[in-house]
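Using the sequences and the accompanying hints, generate a full structural model.
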Amino acid sequence: MSMRTPLSRARGLGSARTGTEHWWLQRVTAIANLPLVLFMIGFVVAHLGATRAELAASVHHPIVAILLAAAFLSVLWHMRLGMQVIIEDYVHTPALKLAALLFNTFFTLLLGVAALYAIITMALGT
Amino acid sequence: MSETKPAARPLSPHLQIYRPMLTMMMSILHRITGAALYAGILLLIWWLVAAARSDTAFDTAQAFFGHWFGRIVLFGFSWALIHHALGGLRHLLWDTGRGFDLKTVEWLARANLIGAIALTILLWVIGYGVMP
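Chains as they are written, first to last, in my numbering: chain F, 1 to 126; chain A, 1001 to 1132.
Hint data in this document are derived by calculation from the structure and do not stem from the laboratory.
Treat the hints with caution; some may be incorrect.
Stated by the list, open to error - The following residues of chain F were derived to be distant from chain A, with all beta-carbon distances above 10 Å: (1) G12; (2) A16; (3) T18; (4) G49; (5) V75.
To be verified - Think about it this way: if two alpha-carbon atoms lie no more than 25 Å apart in a straight line, the pair counts; the simulated SDA-like pairs of lysine to any residue are: (6) K97(F) <-> L1011(A); (7) K1103(A) <-> I1114(A); (8) K97(F) <-> I1028(A); (9) K97(F) <-> G1040(A); (10) K97(F) <-> I1114(A).
Please read all numbers here as calculations on a predicted model, not as lab measurements.
Every residue, glycine too, gets a C-beta built ideally from N, C-alpha and C.
And the structure:
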């Protein structure tokens, strides 16, 4: 039985004051995703059945490498924001929620590094 | 001393109370496709990392994407991507304060659903067309 009043228990548990920024960044990345993902789809379709050398030669072009990298960064950022909302909506056990939020951040960051590794390797390769 | 036990207040009606409606299903589907894409992007990154790594790794990835099972996964991935993108366009329209009347909302839901399937099929027709 807590001796604290309901008001004192609720204090400090309110908004973290980052809601608007989160919402806005979700929109900014969504808008960026539209042309970038379109480029990505075009890139994949253009390389269906391509050999490894042909694929690497395409990514060797700076515009392709930069647009691909930008696409992954924007998409992964958007993914992280979206999954964060899903976790916050459904996971209510504090420890599990923290673990899921951490996993979300690490997973998307790791994928971003992996994608950049692949793009840079092919972009700088001979 | 004030009351510390939470009052037994009535809960607001939840999912099981409502009749399933198209707009509600589309909202859920937008979230489901988003979550599916979260995993689906692994395919794309696998493909690029394999291409950057070695012939063996690339051949393994290509073999998966060439297999009927891989094709089905890719088909689902491409549909989820297009569906989520069109759903995103709806949300961006709503963010401008437009398209909230019932007729428009219904129409947008249908356009999203049918448009995504049509564009996915079109994409795959193009894909099979350009593939050597």
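Here is what the structure says about each hint:
1. G12: The claim holds: G12(F) sits with its nearest Cβ about 17 Å from chain A, beyond 10 Å.
2. A16: holds, 22 Å
3. T18: holds, 19 Å
4. G49: violated, 5 Å
5. V75: Nearest chain A Cβ is 7 Å from V75(F), so the label is violated.
6. K97(F) <-> L1011(A): holds, 23 Å
7. K1103(A) <-> I1114(A): holds, 17 Å
8. K97(F) <-> I1028(A): holds, 21 Å
9. K97(F) <-> G1040(A): holds, 23 Å
10. K97(F) <-> I1114(A): violated, 36 Å
The earlier numbered hints that this structure contradicts are 4, 5 and 10.
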